[in-house]
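**Student:** Here is what each chain is made of, one letter per residue.
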Amino acid sequence: MINDVIAIIQDYWLLLLIGQYPNGPLGGLANTLILSALSIALAFPVSILLALARLSKWRLLRWPVTGLVYVTRGVPLLMLILWSYFLVPLWTGADVPSFVTMLTTLVVYQGAFLSEVVRAGIVALGSGQMDAARALGHSSLGAMRFIILPQALYNMIPSIISTFVSTIKDTTLGYVINVPDLTFAASQVNNQLLTQPFQVFFILAVVYYAICWSLTHVANIVERRITRRRAGLSGDAAPVELVPAKIISEQL
Amino acid sequence: MSTSAAQIQQVQTIRLSDVCKSYGDYPVLKNIEAEVARGEVVVICGPSGSGKSTLIRTINRLEEINSGSITLDGQNIHAAMRTRELNLLRSRIGFVFQNFNLFPHLSVVENVSMSPIRVKGVAAAVAHDKALKLLDRVGLADKARAYPGQLSGGQQQRVAIARALAMEPPVMLFDEPTSALDPEMVGEVLAVMKSLASEGMTMICVTHEMGFARDVADRIWFIDAGQILETAPPEEFFKTPRHPRAQRFLADLRH
Numbered sequence: 000m001i002n003d004v005i006a007i008i009q010d011y012w013l014l015l016l017i018g019q020y021p022n023g024p025l026g027g028l029a030n031t032l033i034l035s036a037l038s039i040a041l042a043f044p045v046s047i048l049l050a051l052a053r054l055s056k057w058r059l060l061r062w063p064v065t066g067l068v069y070v071t072r073g074v075p076l077l078m079l080i081l082w083s084y085f086l087v088p089l090w091t092g093a094d095v096p097s098f099v100t101m102l103t104t105l106v107v108y109q110g111a112f113l114s115e116v117v118r119a120g121i122v123a124l125g126s127g128q129m130d131a132a133r134a135l136g137h138s139s140l141g142a143m144r145f146i147i148l149p150q151a152l153y154n155m156i157p158s159i160i161s162t163f164v165s166t167i168k169d170t171t172l173g174y175v176i177n178v179p180d181l182t183f184a185a186s187q188v189n190n191q192l193l194t195q196p197f198q199v200f201f202i203l204a205v206v207y208y209a210i211c212w213s214l215t216h217v218a219n220i221v222e223r224r225i226t227r228r229r230a231g232l233s234g235d236a237a238p239v240e241l242v243p244a245k246i247i248s249e250q251l
Numbered sequence: 000m001s002t003s004a005a006q007i008q009q010v011q012t013i014r015l016s017d018v019c020k021s022y023g024d025y026p027v028l029k030n031i032e033a034e035v036a037r038g039e040v041v042v043i044c045g046p047s048g049s050g051k052s053t054l055i056r057t058i059n060r061l062e063e064i065n066s067g068s069i070t071l072d073g074q075n076i077h078a079a080m081r082t083r084e085l086n087l088l089r090s091r092i093g094f095v096f097q098n099f100n101l102f103p104h105l106s107v108v109e110n111v112s113m114s115p116i117r118v119k120g121v122a123a124a125v126a127h128d129k130a131l132k133l134l135d136r137v138g139l140a141d142k143a144r145a146y147p148g149q150l151s152g153g154q155q156q157r158v159a160i161a162r163a164l165a166m167e168p169p170v171m172l173f174d175e176p177t178s179a180l181d182p183e184m185v186g187e188v189l190a191v192m193k194s195l196a197s198e199g200m201t202m203i204c205v206t207h208e209m210g211f212a213r214d215v216a217d218r219i220w221f222i223d224a225g226q227i228l229e230t231a232p233p234e235e236f237f238k239t240p241r242h243p244r245a246q247r248f249l250a251d252l253r254h
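Sequence lines, in order, name chains A and B. Numbering-wise (numbering that gives the first Met the number 0), the first sequence opens with residue 0 and increments by one. Numbering-wise (numbering that gives the first Met the number 0), the second sequence opens with residue 0 and increments by one.
Chain A extracted, bound-state conformation (with noise of 0.2 Å):
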């Protein structure tokens, strides 16, 4: 079994690895890191505007954000996909790329689970920090960016890389309307191999591992490294005799 997998990949890496670019889209692993790339870096600051509207005392910023987070949430993004995919062309005529499609599907649809997870992580904070910003003058946007949000969102790591994971694996969704990625060049190599689906979706399981393990490893230092520095014990920062502050960390 083991010789197969090592026969598939030798046979077809260029097709998972970039689909089939450059005599056609680009596709495979490359595009799949791309669209999981693009994803989070745009679902995460829509999160943060998401959360700030939820949390708006303007009703008209906070209604229509918490309806599309109550759809969003309620309906399977399978659903979402195919609507966008079929709809979007009907309504505007438009000729949308399939990748595209999959791309703002994406980004709505993890924006929406991500807002909750920075919402809660404000709430979360307490009243005490925003009445000192307040108190010493601050904006309520100025006081989001440089108080609430620096601490909310560290405290959040562990649920926000849960919902960066889970958007990589949900690229695997784009199969459904032909996005070139990874999935997409496994069931191809499947199609042409006919007798060995198990060996070529357990390469596709491996590589997906792979990446989001990875994106779970370089969370965990960053987040140690931050816990780190708060508590002063990196470089020079604190004299050695101070209290040791708690450190509550997965990894320490």
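Simulated from the structure, these hints should not be mistaken for lab results. The reader is advised that the hints may include incorrect statements.
Pairwise CB distance ranges, derived in the manner of DEER restraints [as the list claims (entries may be wrong)]:
id: 1; chain 1: A; residue 1: Leu32; chain 2: B; residue 2: Arg83; range: 57 to 67 Å
id: 2; chain 1: B; residue 1: Ala123; chain 2: A; residue 2: Tyr20; range: 23 to 33 Å
id: 3; chain 1: B; residue 1: Arg144; chain 2: A; residue 2: Ser138; range: 26 to 36 Å
id: 4; chain 1: B; residue 1: Arg144; chain 2: A; residue 2: Leu37; range: 51 to 61 Å
id: 5; chain 1: A; residue 1: Pro21; chain 2: B; residue 2: Gly120; range: 48 to 58 Å
id: 6; chain 1: B; residue 1: Thr82; chain 2: A; residue 2: Ala119; range: 55 to 65 Å
id: 7; chain 1: B; residue 1: Pro26; chain 2: A; residue 2: Ser126; range: 20 to 30 Å
id: 8; chain 1: A; residue 1: Pro63; chain 2: B; residue 2: Arg83; range: 20 to 30 Å
If you want the footprint, here are the derived chain A segments under chain B, 3+ residues with CB under 8 Å [as the list claims (entries may be wrong)]:
id: 9; segment: 77-87
id: 10; segment: 149-155
Keep in mind that this is a model prediction, so the values were computed, not measured. We treat Cβ as the ideally placed atom computed from N, Cα and C, and that holds for glycine.
Assemble the complex: chain A is given as a structure, and chain B must be docked to it using the hints.
**Tutor:** Leaving out everything else, chain B in the frame of chain A:
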């Protein structure tokens, strides 16, 4: 320690007129009338739940009021105004919280220098030097690069005072600044507050430290059930309280 009575009459800094506030049907502040002169130190005392904290939080508009007005040098803090204007006004009123509320993600010196930089637009280097001076003043120059989580409660509260002072406010409000501290740390915080008072800072303090009130205050406001029942100089208040509720309060304290 304090300006003379004649001077107090001349310059009023804070004036509360007919301030009312309620949470739903429950009134927390009832027709508060009071004045604080420049350089005056006022201690607000009273039983718990009497509205002390609410009162002091209305003075920099952390709490809204339902009616009446609160002015700082003639400017109505609770008037309808742009948020920019309110932020500017707030930056002129220092506030020290019971729970310190330091920013845990910033080092001590960053806690102190950040607001001058972000709110007032002071150059970072200037704000940093100023912060170090203020930390020296509260006796924490050696902790400048530590993080709040590494400090004791008393040290954190002194940083919080330095942070408020960094905005150079003409008025400082203290909301039970020593109530969350271990007994042996109360003294260091009160010492900083005393030195501020002796330099002529206008201060309003909600506190249960009657020794501090006796030594430092120019006037005591005794508040119960949302009303100021008595205002008197400390020697008068502690020796011959007029209001029966104040008499009972002081008698309870002595037990």
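**Student:** Each of the hints needs a verdict: does it hold here or not?
**Tutor:** Structure-based check of all given hints:
Distance hint for leucine 32 of chain A and arginine 83 of chain B: a CB-CB separation of about 44 Å, inconsistent with the stated range 57 to 67 Å. A hinted range of 23 to 33 Å is violated for the C-beta pair alanine 123 of chain B and tyrosine 20 of chain A, which are about 48 Å apart. For arginine 144 of chain B paired with serine 138 of chain A, a C-beta distance near 28 Å keeps the hint of 26 to 36 Å intact. Range check, arginine 144 of chain B to leucine 37 of chain A: about 39 Å between beta-carbon atoms, so the 51 to 61 Å window is missed.
Hint check: proline 21 of chain A to glycine 120 of chain B, Cβ distance near 53 Å, so the stated range 48 to 58 Å holds. The hinted range of 55 to 65 Å is not satisfied by threonine 82 of chain B and alanine 119 of chain A, whose Cβ atoms lie roughly 26 Å apart. Proline 26 of chain B and serine 126 of chain A have their C-beta atoms about 22 Å apart, which keeps the hinted 20 to 30 Å range intact. A hinted range of 20 to 30 Å for the beta carbons of proline 63 of chain A and arginine 83 of chain B is consistent with their spacing of about 27 Å.
Against chain B, the segment 77-87 of chain A contributes 0 residues with a C-beta closer than 8 Å to a partner C-beta. That does not satisfy the three-residue criterion, and the hint is violated. Restraint check on the segment 149-155 of chain A versus chain B: 3 residues with Cβ-Cβ distances below 8 Å, three needed, restraint holds.
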